[in-house]
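Trainee: Read top to bottom, the protein sequences are chains A and B.
Heads up: the first sequence begins at 3 in this note's numbering, then just goes up one per residue.
Heads up: the second sequence begins at 509 in this note's numbering, then just goes up one per residue.
For the record, the hints were derived by calculation from the structure and aren't laboratory data.
Quick caveat: nothing in here was measured; it's all calculated off a predicted structure.
A hint or two may mislead.
What the hints assert, rightly or not - Derived BS3-like pairs (lysine-lysine); straight-line CA-CA distance at most 30 Å: (1) B/LYS579 to B/LYS549; (2) A/LYS44 to B/LYS575; (3) A/LYS58 to B/LYS575; (4) B/LYS527 to A/LYS72; (5) B/LYS560 to A/LYS111; (6) A/LYS111 to B/LYS579; (7) B/LYS579 to A/LYS44; (8) A/LYS99 to B/LYS527; (9) B/LYS549 to B/LYS560; (10) A/LYS69 to B/LYS560.
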Amino acid sequence: QKEVEQDPGPLSVPEGAIVSLNCTYSNSAFQYFMWYRQYSRKGPELLMYTYSSGNKEDGRFTAQVDKSSKYISLFIRDSQPSDSATYLCAMKGGGFKTIFGAGTRLFVKA
Amino acid sequence: DTAVSQTPKYLVTQMGNDKSIKCEQNLGHDTMYWYKQDSKKFLKIMFSYNNKELIINETVPNRFSPKSPDKAHLNLHINSLELGDSAVYFCASSIQQGNTEAFFGQGTRLTVV
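So here's chain A without its partners, still in its complex pose:
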């Protein structure tokens, strides 16, 4: 079992839809939970991070962490074609090593 599991998709939605992206993990030591967006042929870009449990909102993006279920989510409201990218979840624990999920490819159709 991988430490971090993420459905690679692709996920295709119409413009304006609410997008839900998810990851599960197995390591209870993870404390930082991150979401990165990666456009084709570009480097990952940190979208949001959460320390420990809870929710965090930034504009159209909301990140949720449920440590009891070892499950994290990223919601994108009012999705736009410019949101089309690969979304990577990532987690870091006490060993300072970040583990990335496989990434979910998202397509938002105009």
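Fit chain B to the known structure of chain A by using the hints.
Mentor: Structure of chain B alone, referenced to chain A:
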């Protein structure tokens, strides 16, 4: 000004050659990383340096040797390149070693032929 910059952006070379990739960050961050992203987009850490000191050294062939001359620079030298080394290599930085990787470079696409 680019926060984390890597050179070169593209590198095509023959098997058996030795090559280097350079990375520089102008953010004043203490920690820098090298990641490898394979053809399936899976991103995996290779090395991490904190203020010029090696803190993460994953199971990577010893043909790969990182060097950090100062905390703003982290270079990656690869000896005797193999076909399987073809990938995109990303440099990243974080404020400190326990923090999230805040910035990634644009990547170096290495193709070994």
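Trainee: Evaluate each hint against the coordinates.
Mentor: Here is how each hint holds up against the structure:
no.	hint	result
1	B/LYS579 to B/LYS549	holds (28 Å)
2	A/LYS44 to B/LYS575	holds (24 Å)
3	A/LYS58 to B/LYS575	violated (37 Å)
4	B/LYS527 to A/LYS72	violated (41 Å)
5	B/LYS560 to A/LYS111	violated (46 Å)
6	A/LYS111 to B/LYS579	violated (43 Å)
7	B/LYS579 to A/LYS44	holds (24 Å)
8	A/LYS99 to B/LYS527	holds (26 Å)
9	B/LYS549 to B/LYS560	holds (28 Å)
10	A/LYS69 to B/LYS560	violated (34 Å)
The structure does not agree with the numbered hints 3, 4, 5, 6, 10 stated previously, though it agrees with the rest.
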